Amino acid sequence: SQKIEQNSEALNIQEGKTATLTCNYTNYSPAYLQWYRQDPGRGPVFLLLIRENEKEKRKERLKVTFDTTLKQSLFHITASQPADSATYLCALDRDDKIIFGKGTRLHILP
Amino acid sequence: EAGVAQSPRYKIIEKRQSVAFWCNPISGHATLYWYQQILGQGPKLLIQFQNNGVVDDSQLPKDRFSAERLKGVDSTLKIQPAKLEDSAVYLCASSYVGGPLWETQYFGPGTRLLVL
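For the record, the sequence lines run as chains A and B. With our numbering, the residue at position 86 of the first sequence is 86, and numbering never jumps. With our numbering, the residue at position 41 of the second sequence is 41, and numbering never jumps.
Keep in mind the hints are simulated off the structure, nothing from the lab. Incorrect hints may have been included.
Said to hold, decoys possible - Residues from chain B that keep clear of chain A, each with C-beta distances beyond 10 Å, as calculated:
(1) Val4
(2) Lys11
(3) Pro43
(4) Lys44
(5) Leu45
(6) Leu60
(7) Leu70
(8) Pro81
Stated by the list, open to error - Some, not all, of what chain B presents toward chain A, calculated at C-beta under 7 Å:
(9) Ser87
(10) Leu91
(11) Phe107
(12) Gly108
(13) Gly110
Computed from a predicted model, the values in this text were never measured in an experiment. Backbone N, C-alpha and C define an ideal beta-carbon position, used for all residues, glycine too.
The shape of chain A in the complex, shown without the other chains (with noise of 0.2 Å):
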């Protein structure tokens, strides 16, 4: 069955480092993979999807790969400050569902 892992439940980074999530995916081909961010008692925000013919995306400090020989997508956050300190959630698509994972915890420590 398909299987998407986050490959932590959290991650604590330095202040100004970069922070690398990575979500790994099994028994599927996706066409789209999305990264969403969660705060505590809120819904998920959209961040960025990317396309299975695309290597690479970047939206300001945020830049997301999809590997799809590894299927991995690694989620990037350059200059990382405390604010981004939050569950980050991928999501892929399968049979027109969307598919999420169970999320990394970042802690962005000052």
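With chain A's structure known, arrange chain B on it following the hints.
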């Protein structure tokens, strides 16, 4: 632009009771989604509406869950009777056109349900 509205924000009920959640999507958004998010998990799609028609309800436990979207705007999700494992956050989301998964979904704040 006003966001997706949901009410109530919190609900505590006993098992076997019934509960209903309400969602008002962003004006003009044709597609509405209900998700269930259990603590520590990602959201799981329960049902998707396109206007007032159901597009996908394959993951909705139909023996106890029901949803409707009258007039293609507001929607309600009902659980009857509730079980302990229904404790979760119920998220409503909407998108402008819907269908293509590259369509950005806008989520509401969710309703946190605790079943005792």
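Hint by hint, here is what the structure shows:
Residue-level check failed: Val4 of chain B sits 7 Å from the nearest beta carbon of chain A, not beyond 10 Å. For Lys11 of chain B, the requirement that its beta carbon stay farther than 10 Å from each beta carbon of chain A is met, with the minimum near 15 Å. For Pro43 of chain B, the requirement that its beta carbon stay farther than 10 Å from each beta carbon of chain A is not met, with the minimum near 5 Å. Here Lys44 of chain B does not stay apart from chain A, with its beta-carbon only about 7 Å from theirs, under the 10 Å limit.
Separation of Leu45 of chain B from chain A is inadequate, the least Cβ-Cβ distance of about 6 Å not exceeding the 10 Å criterion. Even its closest Cβ contact with chain A, about 12 Å, leaves Leu60 of chain B beyond 10 Å, as expected for a residue assigned away from the interface. With a minimum CB-CB distance of about 23 Å to chain A, Leu70 of chain B clears the 10 Å threshold, and the non-interface call stands. For Pro81 of chain B, the non-interface assignment is confirmed: its Cβ lies about 26 Å from the closest Cβ of chain A, beyond the 10 Å cut-off.
For the restraint placing Ser87 of chain B at the interface with chain A, the shortest Cβ-Cβ distance is roughly 16 Å, beyond the 7 Å limit, so the hint is violated. Because the beta carbon of Leu91 of chain B sits about 5 Å from the nearest beta carbon in chain A, less than 7 Å, this interface hint is met. With its C-beta approaching chain A no nearer than about 3 Å, Phe107 of chain B sits inside the 7 Å limit, and its interface hint holds. For Gly108 of chain B, the suggested interface contact is upheld, since its CB lies about 5 Å from the closest CB of chain A, less than 7 Å.
Hint on Gly110 of chain B holds. Least Cβ distance to chain A is approximately 5 Å, under the 7 Å limit.
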